[in-house]
Amino acid sequence: MTQISKSDVQHLAQLSNLQLSEDEIGPLQADLENIVGYFQQLDELDTAGIEPTYQVTALENVWRKDAVDTYGIDKSALLELAPSSEAEQIKVPKVL
Amino acid sequence: MSRISDFIGVSARMNVEQAIAKARASESFNAVLSLTEARALERADLVDRGEITGSLAGVPFIAKDNFLTLGGTTTAASKLLENFEAPLQATAIEKLEAEGAICIGKANLDAFAHGGSTENSAYGPTKNAVDTERVAGGSSGGSAAVVALDIVPFALGTDTGGSIRQPASFNGVVGIKPTYGTVSRYGVVAMASSTDTIGVLTSNAHDAALVMDIMSGQDAKDMTTLDDFFTPAALDGVKKIGVIKEAMTDDVDADVRATTQAYIEKLRSAGHTVEEVSLSMLKYALAIYYIVVPAEISSNLGRYDGIRYGKRAEASTLTEVYGASRDQGFMTENKRRIMIGSYVLSSGYFDAYYLKAQKARTLLINEFNALFASYDVLIAPVAPTPAFKIGANAADPIKMYLEDIMTVPASLAGLPAISVPAGVSHDGLPIGVQLIAQQRDDALLLALAESMEGNN
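Residue numbers (the working numbering), protein chains in the order written: chain A, 1 to 96; chain B, 1 to 456.
None of these hints come from the bench; they were simulated from the model.
Glycine included, each C-beta is placed from N, C-alpha and C at the ideal position.
Careful, some of the hints might be misleading.
[Claimed, not checked] Interface residues of chain A toward chain B, partial, derived using beta-carbon atoms under 10 Å: (1) Leu28; (2) Leu32; (3) Leu96.
Take these sequences, add in the hints, and give me the full structure.
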C-alpha cells in the first residue's frame, strides 16, 4: 500500500498551485492514499512491449497555416474579462 | 416527453415562452443554472419573422453550463467562473443556431464536469426527475433532467467517462456519447482532452440523430475533429450483438441486470443474434481512467489562475493569488483530481502510473478491436445501480468512481456509446442499457435503438 504523508499532500498542492487550508489536508491525504492504492491493481497486467495509447483516432500532425487568427474576438473583449487591466495590459500583483 | 417535431412549424416565441415557464415551474429540481431569456426571445422573433430559417427553426434547447454561450454566464458550475460571460460561442452552439435552434439557458453539472451525480456543483445538486431524494446522475445531470422534465426536447451534454450516458439512464432519456472527434469541442470547457466528447440527450433516438447530424463535422478550431462521417440511417438488417459478461456479475444491481436481460430478449425477438462475450480488461478500465483523466485535468485546469478571467482572490503576491484563487474557486473533487494528476505525472511515479495506464489502455483497445471483428454492437448496463440517494456516495470518492465502471471503457477507446431507456426498477427508477459500437458506427447505434423503441 502506497503511503501518502501530510507533506506529500502539501508538495502536491504546491505542484498544483493550490493553497489548501489546514482542515482540507487530512481528508485529502486519506482520499489520495485510497485512490492511489486502487491503482495498484494495474500491477497485475503484463504490459511489456506494449505501446502506450495517447490518441485514439490515429490522427497525427494536423497542420494549420502559421498565421494569426483572432477567431473574430476583439482584444478589448478579452481584456474586459480580466479582473484588473490597465493600458491594454492585464494587471497582476507583484511577482516577488 | 415531447419530440423535436412538436416544436417545428409553430410559433417560436410560444415555444420559447413555454419552455422558460416550464423551467421556472421546475426550479425545485435545480436542473437549470441560468436562463438567457432576452436573447432567446429576440431569436424567436427573428424565426417567426422568417429572418432565421433552418431544420430546427424555433426549437428550444438547453446547454450544459460548460458550453460557452452568448447572452448570459458560463460557470462550469464553479465559483471560479461564477460571473464569467463568454466573448464567443462553442462551435456546437453556433451550428445549432445556424439551423434556427434557440438556446434558452444553461444546465447544472458537477463543477468542471468532475463527478457522476451533479452533487459537486457549487450551486447544489440537481434532483432526479423521477425521485427528488435521488441524484440526477452526472456530470450532465441538469441536461438529463431538463429533457426528462419535458422543459426542452433536447439538451447538450459532455461525456468524458460516462457523463451523458449515466444521467440519461438515471432519468429515463436517450443519451449519446459519439466517436471521439465527431463534434468540435471549441468553446467547451476542457476536462480530459483525450476522451472529452460532446453529445446530446433527447426523448428518442431519432431526435438524437437529427441533432448529431447538425453538430458533427470537422472544425479548424478543434484539430482532433474527424471528417463529417455521421449520416443518420435506418437499420440495415439484423445485427450480431455481444453481451459483456464482466458487466453482468452479481456486483451489479439485480434490477439493472434483469432490465438488461429483458432488453437482450427483445433484441433476440427482433431477429438479432445476441451472444455472451468477454471484455476481461473491464475490471482495469476504472484504474486506467482515474490515472489518465486526472493527469489531463491537472494540465487543462492549470489555466484557471484568476489572472485573465474568472474570480481573482485578494492576495499580495502573484503566487498567493494563484493559490488562493484556485483554492476558493475549485470544489474538493476538482482539487482531488488535480492533485492525483500531479501525483501520477510527477517524476518517479510517471512510469509506474501514467505510462503503465496508457499501456493498459492499449490492451483494452486491442480487446475491443478483437470483439468488433466478430460483433457489430456490444451491450452492457450503463451503471451498476439505478439513481442513488443524494449524499449516499459523497463520503467515499472510490465508491463514487465505481459508478463509472461500465462507461469508462468506451471513453478510453474513443468508441460511440449510447444509453437508451430500457425499463424501471422495482421502486420505479429508470434504468437504461448501454450499446457500444466501433468508431464511426454512431448512426448504427441510433438506428438500432430507434428500431427497438416502443418494444419496451
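Hint-by-hint comparison with the structure:
Contact between leucine 28 of chain A and chain B, as hinted, is supported at the beta carbon level, the nearest pair being about 7 Å apart and thus within 10 Å. Using the Cβ-Cβ criterion of 10 Å, the hint placing leucine 32 of chain A at the interface with chain B is satisfied: the shortest such distance is roughly 6 Å. Checking leucine 96 of chain A against chain B by beta carbon gives a least distance of about 7 Å; that is within 10 Å, so the hint holds.
This entry satisfies every hint, going by the numbered hints stated previously.
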